[in-house]
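**Student:** Given chain A, work out where chain B should sit, using these hints.
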Amino acid sequence: MKKTKLIFKYILLILIVLVFLFPMVYMLAGSFMPQSQVTTMLDFTNEEYKNIELIPEKASGEQYYQVFFRRPEYLEKFWNSVVMTFPTVIGQTVVSALAAFAFAKLNFPFRDKLFFVYIILLILPLQVTLVPNYMVLENLNLLNNFLAVILPGTFSAFGICLLRQSIKYIPDSSIEAARIDGAGYFRIFTRIILPQIKGGLVTLVLLTFIDNWNIVEQPLIYFEDEGMYPLSVTLGDIGNSDFGIVFACGVMFMVVPLLIFAYGQKDIDSPFISTDK
Amino acid sequence: MKYKRKEAFAALIFILPSLIGIAVFYVVPYIICFVKSLFIGNTFVGLNNYLELFTNKTFLLALKNTGIFTVIAIPLLMLVSFLIALFLNSFKSISGFFRSSLLIPVVVPIASLVSVWQLLFDDYGAVNGLLNYLGFDTVGFFNSPFSMVMIIIIYVWKYCGFCVVLFTAGLAGVPQHLYESARLDGASSFKMVTKVTLPMITPTTFFVFLMEIIYSFKIFREVFAIFGDYPNENVYFLQNFINNNYYNLNYPRLSAASIVLSLFIVLLLLVFYLFERKNSFTQ
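Line by line, the protein sequences are chains A and B. For the first sequence, the working numbering gives the first residue as 1, with consecutive numbering after it. For the second sequence, the working numbering gives the first residue as 278, with consecutive numbering after it.
The shape of chain A in the complex, shown without the other chains (with noise of 0.2 angstroms):
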């Protein structure tokens, strides 16, 4: 009796998973599809049903070849995200963990009324920053330039706040004993904290990561020049013009997200687990 309810409950845990897998999976089959059938696959003009088909005709790196070797205005765009994404993600590790040690440890004036403050501009959805952003941007003579959306990313709020929780599980008696060693705030800071929150990093590294990798909002508004743009948004685009090698376009752009995850994932959910507390 028990075992056949353990089993439907590994029967149903198998489900979700494949739900959730799913997508992912179907992506990457479909990149080593030839053109052809990548096409039939996407028409539906024909009115007929579409099947969920998984296994290529034929094994093919037709789609990978296109895009690496044929067609340079995707690896352009490819190029755009690395180099509107990468400074983003480090900018704000660099801004947040300096902060986030500040809000969690230290003893300043106004210093809960200021995070509360940090906290509504958490909040805040994209776009409506983005007016007021754009009018900034405008008079700093940004717009048009790759800056204009690494720096209001490189200073949202959103890291501080993550990492704010991480740095307060750490006992306030190691950095007293420190402070009585005498070490200076900025030794505390790279001795005895940052060692100490590897898992909030990484998080914060991934979703920050994603979260740039995935912009859409500021290219389209702050770019005039579509050369411009990353792959996020252009990609959104292909379907209508080059389906042939959406598949493979779409994998090689998950891929950089996927490593960063799996190298991290290790580490990544400490920061949530506060049995501790």
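Worth flagging that the hints you see were computed from the coordinates, not collected in a lab. Treat the numbers as computed from the prediction; the structure is a model and nothing was measured. Positions of the beta carbon are idealized from the N, C-alpha and C atoms, including for glycine. One or more of the hints may lead you astray.
[Claimed, not checked] Far from chain B, some chain A residues (derived; all Cβ distances over 10 angstroms):
#: 1; residue: Y26
#: 2; residue: F32
#: 3; residue: S36
#: 4; residue: I55
#: 5; residue: P56
#: 6; residue: E62
#: 7; residue: Y65
#: 8; residue: V82
#: 9; residue: I90
#: 10; residue: A99
#: 11; residue: F101
#: 12; residue: R111
#: 13; residue: S173
#: 14; residue: G182
#: 15; residue: L194
#: 16; residue: G227
[As the list claims (entries may be wrong)] Derived contacts from chain A toward chain B, CB cut-off under 10 angstroms, selection only:
#: 17; residue: K9
#: 18; residue: K105
#: 19; residue: N144
**Tutor:** Chain B in isolation, oriented as in the chain A frame:
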């Protein structure tokens, strides 16, 4: 409370970079935005821009859709991810593989999956094929009220895993002895969830709620990837409204819309915050 001078000074140095950035890219723009929303050109018009906004049909449509989405999708996502977290928690031990696979949808970029959604949800896509086989009519996911259903499904699918991870972390923090004493008192499993688990994980729930609001506004990216600039009227959200108004650069209207959207969210948050305070057992 007295502050040590040296400590306060050090703190200032640590937050200075972020403070400058936040001021330049968020606070100052906000003030400019608010001021602009009270003017047309150089004449002060008071709240006229706001009043005009609320008579604008497109804006009202966008507001309605955003409201519907928020009210349905956020509680739904909360419920689904909580149930999955409870389910995962009921296993004695579980491989990290399952948790990682739940996080995959957050990691995979939206734009990568557009064609997959098309294959699934098109009029002649796989879902309709199945429905048809079972004898139901074709559901027009791309051009009927079902567009909203599709967007909600995608939203729940995408962020569910992330919320599950947050919830499982919260569940792990509930002391086991509470369950045992409840069991000794003869509580049913349903009672245990509502009377022990839920009150104990309120801080987690609050955090999940926060993240869900933030993510619910990112749904625009899916809408954009699937429908482009002009989605059908069932999934025309406030973000579409704001984005499209850039093209005619109507600053007063844009600013007013931004302020309204901000107030909407702050209000939502405030309600939940007060609710959480009232029901929290941890304080």
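**Student:** With d taken as the least Cβ-Cβ distance between G227/A and chain B, does d exceed 10 angstroms?
**Tutor:** 18 angstroms, holds
**Student:** Far enough from chain B: is every CB of that chain over 10 angstroms from the CB of G182/A?
**Tutor:** Holds: least Cβ distance 13 angstroms, greater than 10 angstroms.
**Student:** Less than 10 angstroms between beta-carbons is the criterion; does N144/A satisfy it with respect to chain B?
**Tutor:** 14 angstroms, violated
**Student:** With d taken as the least Cβ-Cβ distance between V82/A and chain B, does d exceed 10 angstroms?
**Tutor:** 13 angstroms, holds
**Student:** Mind verifying the non-interface call on S36/A? Its CB should be farther than 10 angstroms from each CB in chain B.
**Tutor:** 16 angstroms, holds
**Student:** Just checking, E62/A versus chain B, shortest CB gap more than 10 angstroms?
**Tutor:** Since the minimum Cβ distance to chain B is about 16 angstroms, E62/A lies beyond 10 angstroms and the statement holds.
**Student:** Measuring Cβ to Cβ, find out whether I90/A lies farther than 10 angstroms from everything in chain B.
**Tutor:** The claim holds: I90/A sits with its nearest Cβ about 13 angstroms from chain B, beyond 10 angstroms.
**Student:** Hey, is Y65/A genuinely clear of chain B, shortest beta carbon separation above 10 angstroms?
**Tutor:** 19 angstroms, holds
**Student:** Can we trust that Y26/A is non-interface, i.e. its beta-carbon lies farther than 10 angstroms from all of chain B?
**Tutor:** At roughly 5 angstroms from the nearest Cβ of chain B, Y26/A sits no farther out than 10 angstroms, so the non-interface label is violated.
**Student:** Closer than 10 angstroms between Cβ atoms is the bar; does K9/A clear it against chain B? Give me holds or violated.
**Tutor:** 7 angstroms, holds
**Student:** Is the claim that S173/A lies outside the interface with chain B correct, judged by CB distances over 10 angstroms?
**Tutor:** 16 angstroms, holds
**Student:** Hey, does A99/A actually stay past 10 angstroms from chain B on C-beta?
**Tutor:** Answer for A99/A: violated, closest chain B Cβ roughly 4 angstroms.
Violated hints for the displayed structure, listed by number in ascending order: 1, 10, 11, 12, 19.
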